[in-house]
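Protein chains in written order, with our numbering: chain A, 1 to 657; chain B, 1 to 162.
Just so you know, not all the hints are guaranteed correct.
DSSO-like mimics (lysine-lysine), calculated; alpha carbons at most 30 angstroms apart, straight line [claimed, not checked]:
| id | chain 1 | residue 1 | chain 2 | residue 2 |
| --- | --- | --- | --- | --- |
| 1 | A | Lys629 | B | Lys108 |
| 2 | A | Lys364 | B | Lys134 |
| 3 | A | Lys301 | A | Lys424 |
| 4 | B | Lys66 | A | Lys498 |
| 5 | A | Lys626 | A | Lys547 |
| 6 | A | Lys499 | A | Lys526 |
| 7 | B | Lys2 | B | Lys68 |
| 8 | A | Lys391 | A | Lys362 |
| 9 | B | Lys108 | A | Lys495 |
| 10 | A | Lys388 | A | Lys364 |
| 11 | B | Lys134 | A | Lys626 |
| 12 | A | Lys616 | B | Lys2 |
| 13 | B | Lys32 | A | Lys616 |
| 14 | B | Lys66 | A | Lys629 |
Hint data in this document are derived by calculation from the structure and do not stem from the laboratory.
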Amino acid sequence: MPSQQDMAAFWESLKLAGSTSSREHEMFGLGFSFENVESVYGGSRSGTGWDNYLTEKGIVGTVERIGAVPMSDSKATKDQGDQVALHLPEKPALATAQGLEVRNASADHIEAVKAANPNLSDGSVQNWANKTRAEKLAHAESAGQDGSLELIERKPSGKEVVIAARQMFAEVESKSQPDSRPIKDYGYEVKQVGEQKVIKTGVEYQVGQPPEVTEHSLFARIGSLPLDQQAQVIGAGIKAFSGEMSHQQFRIGVGAITGLGEGVVGLAQGAESLGNAIIGVAQFSRDVMSNSPAAAETAGKACDSVSKLLTSGIKVYSAAEGYLESVGAATNVGDYGKALRDVAWLGQQINSRWEAMTPEEKTKLTTQLAVENLGGLAVGFGIGKIAKSEKIVETLEAMGTEVSTMGAGSREKAGQFISRMLDKLMPESMGVTPDGRLMPIPKDNIRNEANVLMSKADDSLGANAGKPKELQSGKPEKPPEVTKEALDNPEGLAKLAKKFGINMPPKDTYVFVGEKDALSADAAAKRLGISAEQLKSLDSTSLIAQKLERVPNYRDAFFNAHPGLIPVADKIFVHHSLPQDLLTKYPGLFSAAEVNDVANLRGIYKSTNSKLHNGKINKDWFRFFKAHKSVGLSQQRVTDMRNLVDNQYGFQFIPEE
Amino acid sequence: MKFYSILPEVPGTAGNRSVCNDWNARPLQLEKVHYELEMFPEDAIICTNGAYLVTRELAEAFRMAKLKGFEIHLAEVTTGEKFAQWHGSPETETYLEKVQIPDFVWLKVVGSPGIDDFGLIESQDLDPLIISEKALAILRTFQVQDCEVIEVKSLPGLATAS
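The following block holds chain A by itself, in its conformation from the complex (with noise of 0.2 angstroms):
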């Protein structure tokens, strides 16, 4: 029969094991969102249910005060526990009802309380393998764990041997974190005493010195953290460089997240660098997504910055995708939803990819890459494992993982494996030729505009002679559905249009003299005073009459033009070469006929080219009226420039200039 203390102990267990997040808290904050996460200098926010709260790093937190928002999902049950362990005041455990209760149970019904208890050990160790760091302490806690355990034999020799051992888990912690303290080098210095020769050298510890943060420390620091945590980093990270949350509030976060806090030499380094390698899977992940040609291009960024997060423990694609699984983006540890799905659908297109290979390709491609690039490593790494895995991508994330504990050889001999494999994996972004064929961008493409294929295919077939096959021009040997209905089918190619709001032949419009805006025949009849049909029927003269000027809709214009390009309509932006602000301010100089006349009009691919659009092209031209006054302006001057920005930037508009 167990003693009153044994039982109480028990009770604060099963307290203890439903908490299995207590530690946790405790580690990284309560509720910790690098959303509100701010500067001590940039003052505290407030509102209902949340507080604020000054960390010991000098960091402003908004803390969940737990209990004053309502959770909606399972979660909620699950954390219970931690609400109770946390806020209300400790009773002695016997005097409760609970207690009285424990005082009388029978063993059968100690047996079923234990039974039900998630963190009960079945004594293997797989089931200990499996639990998280939090469920370990928070296990070896309730145990009163909190010393060592040898098993030692004596043999008929007297000599004692150690048949098996278990280190606290706060002792195992401790020894497999790296040390990050910074150490001081005496240097080596022989000196001549007499006739002895004395050598002074040492290192010691700086205590109270701030540790040292070297890039692949904070790394190794978030790949140390849990998943969901892993996930906040990622999130955030991906939110930071797409413009959503400010550079600062990452580095605040990532000094928070991992217990570092502000200021720390190199913090702001490594969070940059871990910023600009989550964003280039990111951003990689969206241009295929998109079909963006410059996919092409960022194919490698991704591919480099993947192997350098695996291989520092990240595990990007299981962090994305259990954050999704799990946590999910609607509860209050910040919104990263799309942000990590997109993540997460590249790790599926990756295995989906590896999934449609054979096993003798699976195995000729990670023997070759494995003896390019491992060396004498491939041997410990299992290739042969690697070979035979279902999920290429989780298969990956664990010999990263196994890798970021090795010295810097190892690692980066296996970032090199994991970044060529995942080279020869990642999808591809699809173009489309002006006839209509769909086809992959190269990866190796260097000039990376989809026009690339355009201009090739306008070119005379002379031109292409040497060229890979399907960067040649013609019609396609086997055309897929999309070239049957673009280009053989005048059906098809309308629905087409139809479909992305062509119409053809070109709708009319119509646009007021010292105006930009093209009107619709129901709105500038509206303003005349007149019928539509009334205005359909006027001529020329007549509408110049009524400082009016009929001009066929620019878009329709365009694409009616370049028929090949409708089945990708909705990826072109059709730009005005001669910018409409000419008609207001320069008014007289150009009709607008002409400024929406399809010699004037270019195809920008938008997924790419908005920087070329907004910062390049309206730039130049904002300069170009900076320098031309209305007065003495020529038609010439301004189709000079015209011509200018189509030989500067032409070879990326579509079809070519």
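Once you have looked at the hints, place chain B on chain A.
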């Protein structure tokens, strides 16, 4: 004090409801600003010929720093047909499009270049907006990735700007 000539991001143009008394004036200044976005603005400061717009937060930061040479006025910011062309397709969505368009206000520049924190010049070589070192430091604490900045060595009418 150092001064800089800057050319912010240009994600749109002056809309039809802009008012300008003299399109030939240089530097050009609108009397009423209607900014028509062609695409999502990424930076906290944007411009078109004759007008500079900043986010309300940036304007407040300038005001709090007691910078001289500017007034804050309301601006009409709209999205046009071209904006819909850029951002209307689900296939080309980016994260930025998930964010609401920032609340922009008109940064009307009224100061003397090289003296006040904000001024406008007419120059063949420099962009019109001249800002002080102090203003640039504040600007750089905001999202400004597509803003060209050139240090001004000398300004028209001033011996040196340093």
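Going through the hints against the structure:
1. A:Lys629 to B:Lys108: 21 angstroms, holds
2. A:Lys364 to B:Lys134: Roughly 61 angstroms separates the two Cα atoms, so the pair is violated.
3. A:Lys301 to A:Lys424: 14 angstroms, holds
4. B:Lys66 to A:Lys498: Between B:Lys66 and A:Lys498 the Cα gap is close to 55 angstroms, so the pair fails against 30 angstroms, i.e. violated.
5. A:Lys626 to A:Lys547: 28 angstroms, holds
6. A:Lys499 to A:Lys526: 29 angstroms, holds
7. B:Lys2 to B:Lys68: 15 angstroms, holds
8. A:Lys391 to A:Lys362: With Cα atoms ~12 angstroms apart, A:Lys391 and A:Lys362 stay inside 30 angstroms; holds.
9. B:Lys108 to A:Lys495: 49 angstroms, violated
10. A:Lys388 to A:Lys364: With a Cα-Cα distance of about 11 angstroms, the restraint between A:Lys388 and A:Lys364 holds, given a limit of 30 angstroms.
11. B:Lys134 to A:Lys626: At roughly 26 angstroms apart (the allowed maximum being 30 angstroms), A:Lys626 and B:Lys134 satisfy the hint.
12. A:Lys616 to B:Lys2: Measuring from Cα to Cα gives roughly 27 angstroms; hence the hint holds.
13. B:Lys32 to A:Lys616: 26 angstroms, holds
14. B:Lys66 to A:Lys629: 34 angstroms, violated
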